[in-house]
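Sequence lines, in order, name chains A and B. Our numbering puts the first residue of the first sequence at 1, with every later residue one more than the last. Our numbering puts the first residue of the second sequence at 112, with every later residue one more than the last.
Be a bit skeptical, because a hint or two may be false.
No farther apart than 30 Å at their CA atoms in a straight line, the calculated lysine-lysine pairs in the DSS-like style are these [claimed, not checked]:
| hint | chain 1 | residue 1 | chain 2 | residue 2 |
| --- | --- | --- | --- | --- |
| 1 | A | Lys106 | A | Lys3 |
| 2 | B | Lys120 | B | Lys168 |
| 3 | B | Lys181 | B | Lys168 |
| 4 | B | Lys181 | A | Lys3 |
| 5 | A | Lys52 | A | Lys106 |
| 6 | B | Lys182 | A | Lys106 |
If you want the ones that stay clear, here's a sample from chain B, every Cβ over 12 Å from chain A, calculated [to be verified]:
| hint | residue |
| --- | --- |
| 7 | Gly153 |
| 8 | Tyr175 |
| 9 | Pro194 |
| 10 | Ser205 |
| 11 | His216 |
In case anyone wonders, no lab produced these hints; they're calculated from the structure. We put the beta carbon where it would ideally sit given N, CA and C, even for glycine.
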Amino acid sequence: DAKTTQPPSMDCAEGRAANLPCNHSTISGNEYVYWYRQIHSQGPQYIIHGLKNNETNEMASLIITEDRKSSTLILPHATLRDTAVYYCIVRYLYNFNKFYFGSGTKLNVKP
Amino acid sequence: NAGVTQTPKFRVLKTGQSMTLLCAQDMNHEYMYWYRQDPGMGLRLIHYSVGEGTTAKGEVPDGYNVSRLKKQNFLLGLESAAPSQTSVYFCASSPPGPHSNQPQHFGDGTRLSIL
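Next comes chain A alone, as it looks inside the complex (with noise of 0.2 Å):
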């Protein structure tokens, strides 16, 4: 499975859009990129996956870029419940059991 790179901490303003940048440049063709947060030790919380298009949910929108090399992960109105630490995972489609998380953005939201 491709490894992703994530930067340590940002830090978006309350009302602000969030954008959290992931990189996968070894990303192959059936890998899908996944979204995670978790909230202070909390279990992960799913928030967002998506393939080769742009998806957007309640929650978030998914960026990929055409080369699939890197993806955004975009909270349209950052609160302060946002704060978490968020995870870009890449897993292959046939590899169920490997999801791999590494050590995540923590994302601080400022009132």
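With chain A fixed as given, assemble chain B onto it according to the hints.
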């Protein structure tokens, strides 16, 4: 809808003691997983199961055993606890299908300290 429930939430053990962590899910998921998370690190897969009666090793299986006697339950056992097993343990489950791209759903964790 409870989702994934882990018991206990906290536990302190002495070195050499044994215990079992219980994970229960009510979503009829075929696949279940046990992870551990050490301070400042991401999650690492210990064992997983693709269905009732089946288990397999993950990334860090040593010192742990698992059982999946019922579809909804996945047990993680420590036969002889060691201080290196002090960690937060998370259970997860995911929908059926060997090639599913569906996400895993996590419990809230069990915080285990071994003295």
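To see whether the hints hold, each was checked on the structure:
no.	hint	in the structure
1	A:Lys106 to A:Lys3	holds (18 Å)
2	B:Lys120 to B:Lys168	holds (24 Å)
3	B:Lys181 to B:Lys168	holds (18 Å)
4	B:Lys181 to A:Lys3	violated (34 Å)
5	A:Lys52 to A:Lys106	holds (25 Å)
6	B:Lys182 to A:Lys106	violated (35 Å)
7	Gly153	violated (3 Å)
8	Tyr175	holds (15 Å)
9	Pro194	holds (20 Å)
10	Ser205	violated (7 Å)
11	His216	violated (7 Å)
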